[in-house]
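Engineer: With the hints as extra help, turn the sequences into a complete structure.
Below, each chain spelled out in residue letters.
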Amino acid sequence: MMTVNDVSDAEFSVFCPGVLEVLSIGKGDLRLSVGDSDEDRERARALIEEMLRKGYSIFVETDDGPERVVAFNPRRMTYLIVDAPAAAASRVRPRKATRKKSGRRSVPVSGSRATAVGRTAGG
Amino acid sequence: MADDVETVEGWSHEEARYFYDKLSDRLSDWQGVPVPLGEELPLRLHDRHPLARLLRANDVEMRVVVGGPDVDDPDERLLNEWYDGARNRDVLIFRRGNGRAFALTHPRAPDRSMERLTMWLNTLGASDAWDLDAEYRAREKLRGLLSDRQWRHYDLTGSFLETSPRSQLTYLFRRLRPTVVLTPRWKWWRRHGETMRVLAVLCLHPIGYYDRSWGGCMVPSDDVIAHLLSMRADEAYFWRKANQHEPWRPEAGL
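From first to last, the protein sequence lines stand for chains A and D.
Counting in my numbering, the first sequence runs from 8 upward without gaps.
Counting in my numbering, the second sequence runs from 5 upward without gaps.
Mixed in with the good hints, there may be bad ones.
As the list claims (entries may be wrong) - Straight-line alpha carbon distances no greater than 20 Å define the calculated SDA-like cross-link-like pairs of lysine to any residue that follow:
id, chain 1, residue 1, chain 2, residue 2
1, D, 245, D, 202
2, A, 61, D, 145
3, A, 61, D, 244
4, A, 61, D, 241
5, D, 145, A, 28
6, D, 145, D, 129
7, D, 145, A, 26
8, D, 145, D, 166
9, D, 145, D, 113
10, A, 61, D, 30
11, D, 245, D, 257
12, D, 245, A, 26
13, D, 245, A, 77
14, A, 61, A, 49
15, A, 61, D, 50
16, A, 61, A, 85
17, A, 61, A, 77
18, D, 245, D, 50
19, D, 145, A, 120
20, D, 145, D, 176
21, D, 145, A, 40
22, D, 145, D, 119
23, A, 61, D, 161
24, D, 145, A, 68
25, D, 245, D, 161
26, A, 61, A, 110
27, D, 245, D, 255
28, A, 61, D, 27
29, D, 245, A, 89
30, D, 26, A, 85
Unchecked claim - So the derived label-pair ranges between C-beta atoms look like this:
id, chain 1, residue 1, chain 2, residue 2, range
31, A, 72, D, 91, 47 to 53 Å
32, D, 188, A, 81, 43 to 49 Å
33, D, 87, A, 43, 54 to 60 Å
34, D, 42, A, 83, 35 to 41 Å
35, D, 241, A, 38, 19 to 25 Å
36, D, 78, A, 24, 43 to 49 Å
37, A, 43, D, 85, 35 to 41 Å
Honestly, the hints are just simulated from the structure, not real lab data.
The beta carbon of each residue, even a glycine, is placed where N, CA and C say it ideally should be.
Structural biologist: What follows is the structure, given as structure tokens:
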């Protein structure tokens, strides 16, 4: 019979594939799943790099809502997003006129949910 | 069935959509290949799209205006055009094949209602490029992004409101129309209670759009998703990428 200590020592490994949805003309919403195999990761790496090169906008879901991907780290397989200050903090006027340089934050592709939108033509 | 109407190439619109969808699969172009709808509805693609030059070449450079261009002169070209606000008319400058230029004026309706009607009808025409199943899938995705009340508004009226926590601006997202940005900040705000004013009308289509219409290359709800995600993720980016229309212009759709 399993005791409380046994439960605390147990390890669970659950793999969540990354999901990249692409807004598509003919399909409306094309869903690509990024698996854990080397082949899948290599395919996803090439795909994301190609999309960013072609000017797609990629929006990845985070705890703070969707954020726009500004770069991609192919080695670590992470999206890079701008680490924007919190909404409440941004409304507070800084005492000094110096502008703080915003940093970047990484979001792993694995387990993420992102939407890619083609380059815009205005309207 | 309306969808069985033959296009210029002899295909039905359904066949054309199927062809371009398969072509995008063959090219591994995930965003899809835009469906051309002939010279009546020329496509305006973003500058770096591989088909932008090809489709631009098919644009009609000559306008049919009463007493205007000579259709038998293949070298006659439209040189320039502008809107004359003082007389509410378009001015068009043509050059004939022999090098001589001439001007034409084209009066507009005082309230520009006829231009709105033209855009409305062209938008109906653009629907030939959209696949119904693609629209249903886009609506499902959009539904997952909205609150129940927003979805109810969108489903019943084709529009919904969302206020940005960053800027406190309220956005009115609309199907087949540009997004209207409203602000409560104006000088009579306190005096008249909770009223808002239009700050801007933002138009943005991924990939491209059909000229003189409110329709984009993608199905209508995909365009709304693009607006919504851009605003939520990076508001400054949304404003930077979108074209701003004056609220009184027909393109604004107000």
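Engineer: Check the hint pairing residue 245 (chain D) with residue 161 (chain D) against an upper bound of 20 Å on the C-alpha distance.
Structural biologist: violated, 26 Å
Engineer: Do the beta carbons of residue 78 (chain D) and residue 24 (chain A) sit within 43 to 49 Å of each other?
Structural biologist: violated, 57 Å
Engineer: Does residue 50 (chain D) lie within 20 Å of residue 245 (chain D) when you go C-alpha to C-alpha?
Structural biologist: Distance ~11 Å between residue 245 (chain D) and residue 50 (chain D) Cα, so the pair holds.
Engineer: Do the alpha carbons of residue 245 (chain D) and residue 257 (chain D) lie within 20 Å of each other, as the hint requires?
Structural biologist: It holds: about 19 Å lies between the C-alpha atoms, which stays within 20 Å.
Engineer: Checking one constraint from the list: CA of residue 61 (chain A) to CA of residue 241 (chain D), max 20 Å. Satisfied?
Structural biologist: holds, 17 Å
Engineer: Just to be sure I understand the hint, the distance between the Cβ atoms of residue 87 (chain D) and residue 43 (chain A) should be within 54 to 60 Å; is that true here?
Structural biologist: holds, 58 Å
Engineer: Does residue 61 (chain A) pair with residue 27 (chain D) here, judged by a C-alpha cut-off of 20 Å?
Structural biologist: holds, 18 Å
Engineer: What's the verdict on residue 145 (chain D) and residue 166 (chain D), does the C-alpha distance respect the 20 Å limit or exceed it?
Structural biologist: holds, 17 Å
Engineer: Take the C-alpha atoms of residue 245 (chain D) and residue 89 (chain A), compute the straight-line distance between them, and say whether it is at most 20 Å.
Structural biologist: holds, 18 Å
Engineer: If you draw a straight line from the CA of residue 26 (chain D) to the CA of residue 85 (chain A), is it 20 Å or shorter?
Structural biologist: Violated. Residue 26 (chain D) to residue 85 (chain A) sits at ~31 Å, over the 20 Å cutoff.
Engineer: Is the hinted pair residue 61 (chain A) and residue 49 (chain A) satisfied, with a Cα-Cα distance of at most 20 Å?
Structural biologist: Since the Cα atoms of residue 61 (chain A) and residue 49 (chain A) sit roughly 18 Å apart, the hinted pair holds (cutoff 20 Å).
Engineer: Indicate whether the distance between the beta carbons of residue 188 (chain D) and residue 81 (chain A) respects the range 43 to 49 Å.
Structural biologist: holds, 45 Å
This entry does not satisfy hints 2, 6, 9, 12, 22, 23, 25, 26, 30, 34, 36 and 37, going by the numbered hints stated previously.
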